[in-house]
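Listed here are the chains, written in short residue letters.
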Amino acid sequence: MEYKDYYQTLGVAKTASEEEIKKAYRKLVRKYHPDVSKEADAQKKTQEINEAYGVLGDAEKRAAYDDLGRGQQYRAGQEFRPPPDWGRGFGGNGGGGGFGGGGGPMDSDFFADLFANLGGGRRRQQAPRRGEDSHASITIELGDSYHGATRTVSLMVAERDAQDRIVTRERNLSVNIPKGVTPGQQLRLAGQGQPGAAGPGDLYLEIQFRPNPRYRLDGRDVYQTVPVAPWELALGGEIEVTTPSGKVNVTVPAGSQSGRKLRLRGRGIPGKEAGDLYLLLEVVLPPANSERARDLYQTMARELAFNPRAGG
Amino acid sequence: MGQAIVTAVLVDEAALTLEELAQACAVEPDWVVQHVRTGVLLQDAPAHISGWRFSSADLVRARRLCQVERTFDANDDVAALVVDLSEEISRLRGKLSAAGVR
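Chains as they are written, first to last, in the working numbering: chain C, -19 to 292; chain U, -10 to 91.
No wet-lab data here; the hints were simulated from the structure.
Nothing here was measured: the structure is a model prediction, and the numbers come from that model.
Hints may be right or wrong, so weigh each one.
Claimed, not checked - Going by beta-carbon spacing under 10 Å, a handful of chain C positions derived as facing chain U: (1) -9; (2) 160; (3) 198.
Don't be surprised by glycine CBs; every beta carbon is placed ideally from N, CA and C.
Between the sequences and the hints, there should be enough to build the whole structure, so can you do that?
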């Protein structure tokens, strides 16, 4: 695990006041917010800034973070070795999701999340209450949504023990992914949040889909580009296509042009109102890399008298 | 291996109550009530609080509102405007992505 210097990330001194930290964060988050920034690495920067502020912006987490570096003088990028009494392994529960950058996915760097459980609540704690709810995200494949799945997430949680020392504990959770989930939806895992006097809080997992260049999504509708040969478009016929729900045979109407969209009703993401699957036909030309292929192209050029620019 | 499966419930199938949303956002229920009353959260909310139910989208929106209010010391209206714009950008980006435009 790589040590991260959160003070360096925010460009503040270790002695910076709460107000100075907040001011530095606001300035940086405006500069790098991915919706407005032209910087190439805006998304990554925003995540780093959010992560740093998630720890330094909370007095208790900041104190725990400062405890970490004390005596070791870690520098940013240096391999971080947790003290022996920290137990095995690390990880966390995804923090609170920063402004503009989203929460850290479960399978990302867990460093900041070590402190996730140590933060003070913002509510007034009058009577014994449930522990705080935790938030994280889970990345799944599109196919998981089509069929439902069980996925394991690793949570390593930092807590204070009876001697007020920071200790960690690893938690692996096997989570059922219900069929038909869409990106941004929240799964609630009752009692898997932070401990509390009146029982643990809940864990919320935000669904994210792993990017797949073959598919694009719009709500429950799925768009898939399908490469086709010129004769399949011109002559039409049945082609086999591997879709997220499996292989299907699709009829291409004769005389189709590249870019034609075929709708397969109800074959998008399942649900009470299932989405549709749109197949975008995209012509791929056979290469003219042999004598025979060149002959065939020349025959077409000679005999078809086809000018695609004839219309202007 | 041999690990028990934790049952995850989709928030949209078992929508959150006012208290549950407040707990999930680490705010007092009054904060939620105020934001529903001003129309920032849960548009077309039933008149009676006991009928309020919150979806995944409401939870994400409420957490974003909290974040903006806390981090930027923004008032309700400014925070709502920021979150509205942010949601609109996400929606348009989704449309672009669906159209194959990067």
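Can we keep the residue -9 of chain C interface hint, with Cβ of chain U closer than 10 Å?
Given a least distance of 17 Å, the restraint on residue -9 of chain C is violated.
Does the closest beta carbon of chain U sit nearer than 10 Å to the beta carbon of residue 160 of chain C?
holds (8 Å)
Should the interface hint for residue 198 of chain C be scored as holding, given a Cβ-Cβ cut-off of 10 Å against chain U?
holds (4 Å)
Violated hints amount to a single one, hint 1; each of the other numbered hints is respected by the structure.
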